[in-house]
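Student: So you can see what is in the structure, the chains are spelled out below.
2 protein chains.
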Amino acid sequence: MSDRYRELSVELGERSYPIFIGEDLLGTQDLSPFVSGAQVMIVTNETVAPLYLDRAKACFPGKRVDTVTLPDGEKFKDWKTLNSIFDGLLEQRHTRKTTLVALGGGVIGDMAGFAAACYQRGVPFIQIPTTLLSQVDSSVGGKTGINHPLGKNMIGAFHQPQAVLIDTASLQTLPPREVSAGLAEVIKYGLIRDQGFLAWLEEHMESLVSLKPEALAEAIFRSCACKAEIVALDEREGGLRAILNLGHTFGHAIETYAGYGNWLHGEAVGTGMLMAAELSALEGMITRDDCDRINRLILRAGLPDRPPVGMTADDFMGLMAVDKKNVDGLLRLVLLRSVGDAVVTSNASPENLALTFARFCSST
Amino acid sequence: MSDRYRELSVELGERSYPIFIGEDLLGTQDLSPFVSGAQVMIVTNETVAPLYLDRAKACFPGKRVDTVTLPDGEKFKDWKTLNSIFDGLLEQRHTRKTTLVALGGGVIGDMAGFAAACYQRGVPFIQIPTTLLSQVDSSVGGKTGINHPLGKNMIGAFHQPQAVLIDTASLQTLPPREVSAGLAEVIKYGLIRDQGFLAWLEEHMESLVSLKPEALAEAIFRSCACKAEIVALDEREGGLRAILNLGHTFGHAIETYAGYGNWLHGEAVGTGMLMAAELSALEGMITRDDCDRINRLILRAGLPDRPPVGMTADDFMGLMAVDKKNVDGLLRLVLLRSVGDAVVTSNASPENLALTFARFCSST
Numbered sequence: 162m163s164d165r166y167r168e169l170s171v172e173l174g175e176r177s178y179p180i181f182i183g184e185d186l187l188g189t190q191d192l193s194p195f196v197s198g199a200q201v202m203i204v205t206n207e208t209v210a211p212l213y214l215d216r217a218k219a220c221f222p223g224k225r226v227d228t229v230t231l232p233d234g235e236k237f238k239d240w241k242t243l244n245s246i247f248d249g250l251l252e253q254r255h256t257r258k259t260t261l262v263a264l265g266g267g268v269i270g271d272m273a274g275f276a277a278a279c280y281q282r283g284v285p286f287i288q289i290p291t292t293l294l295s296q297v298d299s300s301v302g303g304k305t306g307i308n309h310p311l312g313k314n315m316i317g318a319f320h321q322p323q324a325v326l327i328d329t330a331s332l333q334t335l336p337p338r339e340v341s342a343g344l345a346e347v348i349k350y351g352l353i354r355d356q357g358f359l360a361w362l363e364e365h366m367e368s369l370v371s372l373k374p375e376a377l378a379e380a381i382f383r384s385c386a387c388k389a390e391i392v393a394l395d396e397r398e399g400g401l402r403a404i405l406n407l408g409h410t411f412g413h414a415i416e417t418y419a420g421y422g423n424w425l426h427g428e429a430v431g432t433g434m435l436m437a438a439e440l441s442a443l444e445g446m447i448t449r450d451d452c453d454r455i456n457r458l459i460l461r462a463g464l465p466d467r468p469p470v471g472m473t474a475d476d477f478m479g480l481m482a483v484d485k486k487n488v489d490g491l492l493r494l495v496l497l498r499s500v501g502d503a504v505v506t507s508n509a510s511p512e513n514l515a516l517t518f519a520r521f522c523s524s525t
Numbered sequence: 162m163s164d165r166y167r168e169l170s171v172e173l174g175e176r177s178y179p180i181f182i183g184e185d186l187l188g189t190q191d192l193s194p195f196v197s198g199a200q201v202m203i204v205t206n207e208t209v210a211p212l213y214l215d216r217a218k219a220c221f222p223g224k225r226v227d228t229v230t231l232p233d234g235e236k237f238k239d240w241k242t243l244n245s246i247f248d249g250l251l252e253q254r255h256t257r258k259t260t261l262v263a264l265g266g267g268v269i270g271d272m273a274g275f276a277a278a279c280y281q282r283g284v285p286f287i288q289i290p291t292t293l294l295s296q297v298d299s300s301v302g303g304k305t306g307i308n309h310p311l312g313k314n315m316i317g318a319f320h321q322p323q324a325v326l327i328d329t330a331s332l333q334t335l336p337p338r339e340v341s342a343g344l345a346e347v348i349k350y351g352l353i354r355d356q357g358f359l360a361w362l363e364e365h366m367e368s369l370v371s372l373k374p375e376a377l378a379e380a381i382f383r384s385c386a387c388k389a390e391i392v393a394l395d396e397r398e399g400g401l402r403a404i405l406n407l408g409h410t411f412g413h414a415i416e417t418y419a420g421y422g423n424w425l426h427g428e429a430v431g432t433g434m435l436m437a438a439e440l441s442a443l444e445g446m447i448t449r450d451d452c453d454r455i456n457r458l459i460l461r462a463g464l465p466d467r468p469p470v471g472m473t474a475d476d477f478m479g480l481m482a483v484d485k486k487n488v489d490g491l492l493r494l495v496l497l498r499s500v501g502d503a504v505v506t507s508n509a510s511p512e513n514l515a516l517t518f519a520r521f522c523s524s525t
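Sequence order for the protein chains is A and B. Letter by letter, the first sequence follows residues 162 to 525 in my numbering. Letter by letter, the second sequence follows residues 162 to 525 in my numbering.
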C-alpha cells in the first residue's frame, strides 16, 4: 500500500493523527481502523455526494454508514445547517460511540468537525477533504466552527480528527476558481515559513493551475507538512500558530463585506496577503521588489489582487475590529519580516495601515 | 476571609479550580483574580437579575462588566437563546480574552458554560450558581450544553470553570419546589457513595427543607466534595463518573415526556432514583426495606415518587433508547449494589425492567 500514498503525522501526543496523501485513495483505502464504534455518519453536500459519496462509503467496510447531505456553500455554514447534522444523528440513533466523517470542502469539514465536537459533548471524526483549500489547510489542525452574522468562525471548537484522507484525484472535478483559492493557502506556506517552497511554486505554478497530478501531490504534501509542524508546536494558537493567519484579518474583512460566499475564502486571503505584504514593506520589513514578486505569483495563481470595488478603508477598519485575532482591543496582524518568515505584531503604525488601505481601496 | 467560607478544590491538573461555599459571598468576594483579561460578561436570567445582578457585578472590581439577561426556564435551553449570548458578546466586542460568568441555576450554567466553550473556540468562565440544584451538581464538573427536540443535553462540551462561588444566602429566595429538586441530587450523593451522609440527611431533612443555613452549608459542602472527588477521578465520564447519573436515564425520559420544564430536573431524578432502586431490588442487589427507606427520604424532601400520570412503559422505552448513556445500543443503567454504593451495568434483565415500569407506570 505504501507506494499508493505518502503519509504525514500531526504530532499532538495522544491526539496525534495521520494524513494520507495519494491518487485514487477514495473507495480503496480502508479507514475502518480509525473508527472505534460500529456507526459512521458521513456529512457531505449536494455537489460532492453524487461524485464521491459511494466511494467514501466503501472506505468503511463492516460499519453501519449513514449520511447527512447539506446544501453547498459558505452561506450555509450556520447553526441551522449544523443542526440538521444533529437531527440526522439523533433520528438515526447514533450514540456517543459514533464517528463523523467530513466529505467535502472546508465548509463541510468545519461543520462536521464542530458537530463532532458538540454531539453528546464530543465524538471522534475523520476528514476527507475534496477541495485544494481544505486539503492544504482546514482539514489539518482541528479548528472547527460556524459563522455568526457579526463575524466568521466566531462559534467553534478545537477538535482534532482521527485521520485525514487526501485523494488528489478529487481535484480533477474542482472548478478553476476553487483551485486558485486553494493555491492562495499553498503560497501562504511559502511566504510564512519556507522560502525554498516559494521558489518551487514560482517554477511550477502553471503545472498546478492545470492540475498536473505530480505537482499537486508535491504542493499538498509540503503544505500539509508545514501546517502539521506549526500545529504540533502550538495546537491552540497561543503564539506561533497565528502566523497561519497571514492575510486572514484583511481577508475576513473582505469576505464579510462581500457577504459570505461571494468571495471565496482563498480569494480573500490572496488579496489579504498582498495587503499584509504592502504593510510589511511600508514598515520597512520587506522590499518593494518582494511585494512585486508576491503580486506576480498571486496573479499567476488566478487570484484577485484588489478588494471588492467600493470597499473603503472605513469598511476594513470597522470589520477588522471584531476579528477574533484581536486581544484586548489591540489590532494584531501577521506581517512578513522577510519572504519566508512571518511575524505576529500589534506594532504596525496606524499611518502605514491607512496608507495600505489608500493604495488598495476605492476612495468613496 | 477564611472564616467567611469553606473552600474545596476540584483536582484536574492544570484545569484545577476552587469552589467557595459560604453565606453572603455575593457582592463581597473578589473574583477578579480569576479573570485574566479586562472584560467580563455576566449571563443571567430575568428572575435572578433583579435579585443578585448588582451584587455579582461587585465581585469584579476593575473589570469592564457587561450583561446578557435570558428568559427563565428549561424550555429556553436551546440554540436560539444560546445565540443571544453570542449576539451580546459580539455586539459588545468581547475578545477571546473575555471571561463569561454564569449567574443563576443549572440552565444558565449549562448555557453560559457552553457559550464559553464555543465562543471564538473557547474562553474562560466562572460559575455563580444560585439554586440548590446547580450548587450541588451542575456548577461542578464542567458539563455544559443545550437541549435538542429529540433529547436533553445532546449538544454540548466539557469545559471546566475557573472558579465556583456558592452563596448559601441566595437559597432564601428559592421557591420550595426548587429546594426539593436540589435535595434530590443531594440525596443522590448519599445513595451512590456515602452511606454516612445518607444517615446525616435522614437526621437533618427537616432543617434542609426549612432552609436552615448551617444544615444547607454542610449538605452543599459534602455534596460538592463528593462530586469533586468523582470528577477528579474521571473527568470525561469514561467510567466512574457515570454513577452520578443514578436516576437520570429514567429521569430524562420523564422530563422529555412531560415537556422540558414541566417537571423540574431534580423532581424527575427523584422519581428516577426510586425506579433505579426498584430495579436494583428486583435484581437482588438491595432489599425491599432499602427501597422503602429511600422512598421515605424522597417524600420527606418534598419530591414526587411516581412518573407523570399517563406515562407508560412504552413511553419510557422509546425515550430511553435515545438517551446518550447508551453505548452501541446497550441500555446502560446506574443501579445500587447496596445503599451507598452505585454501579453502572448493562446487564439488568428486560423482565425486571418491565416489572419496574409496571409498578410505576399507568397501564394505558
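Watch out, some of these pointers could steer you wrong.
Any copy will do: because identical chains look the same in the list, a pair fits if it lies in one copy or spans two.
In silico SDA-like cross-links for lysine to any residue, where the CA-CA straight-line distance does not exceed 25 Å [said to hold, decoys possible]:
#1 Lys258 x Ala403
#2 Lys218 x Asp248
#3 Lys236 x Leu212
#4 Lys241 x Phe521
#5 Lys218 x Ala330
#6 Lys236 x Arg354
#7 Lys258 x Thr506
#8 Lys373 x Gly463
#9 Lys258 x Gly312
#10 Lys241 x His309
#11 Lys373 x Thr228
#12 Lys373 x Val505
#13 Lys224 x Ala482
#14 Lys373 x Thr242
#15 Lys224 x Ser523
#16 Lys373 x Leu516
No lab work stands behind these hints, which were simulated from the structure alone.
Student: When Cα atoms must be at most 25 Å apart, do lysine 373 and threonine 242 count as within-copy, between-copy, both, or neither?
Tutor: For lysine 373 and threonine 242, the Cα distance exceeds 25 Å both inside one copy (35 Å) and across copies (49 Å).
Student: Indicate which option fits the pair lysine 224, alanine 482 if close means a Cα-Cα distance not exceeding 25 Å: within, between, both or neither.
Tutor: between (47 Å within a copy, 20 Å between copies)
Student: Is the C-alpha distance from lysine 241 to histidine 309 at most 25 Å within one copy, between copies, in both cases, or in neither?
Tutor: both (11 Å within a copy, 12 Å between copies)
Student: Check lysine 218 against alanine 330 for me: Cα-Cα at most 25 Å, and say if that holds within a copy, between copies, both or neither.
Tutor: Only inside one copy: lysine 218 and alanine 330 sit 17 Å apart there, 58 Å across copies, limit 25 Å.
Student: How would you label the pair lysine 258, glycine 312 (within, between, both, or neither) given a Cα cut-off of 25 Å?
Tutor: For lysine 258 and glycine 312, only the inter-copy Cα distance (16 Å) is at most 25 Å; the intra-copy one is 33 Å.
Student: Are the CA atoms of lysine 236 and arginine 354 at most 25 Å apart within a copy, between copies, both, or neither?
Tutor: neither (32 Å within a copy, 50 Å between copies)
Student: Checking lysine 218 and aspartate 248: alpha-carbon separation at most 25 Å within a copy, between copies, both or neither?
Tutor: Intra 20 Å, inter 39 Å, cutoff 25 Å: intra-copy only.
Student: Treating 25 Å as the Cα threshold, decide for lysine 373 and glycine 463: within, between, both or neither.
Tutor: Result: close within a single copy only, 16 Å intra versus 74 Å inter.
Student: Is it within, between, both, or neither for lysine 258 and threonine 506, if the alpha carbons may be no more than 25 Å apart?
Tutor: between (43 Å within a copy, 17 Å between copies)
Student: Please sort lysine 373 with threonine 228 into within, between, both or neither, judging by C-alpha distance up to 25 Å.
Tutor: neither (32 Å within a copy, 55 Å between copies)
Student: Is the C-alpha distance from lysine 241 to phenylalanine 521 at most 25 Å within one copy, between copies, in both cases, or in neither?
Tutor: Close neither inside one copy (36 Å) nor across copies (39 Å); limit 25 Å.
Student: At most 25 Å between CA atoms: does that hold for lysine 258 and alanine 403 within a copy, between copies, both, or neither?
Tutor: Between copies only: 15 Å across, 33 Å inside.
In terms of the numbered hints stated before, the structure departs from hints 4, 6, 11, 12, 14, 15 and 16, listed from lowest to highest.
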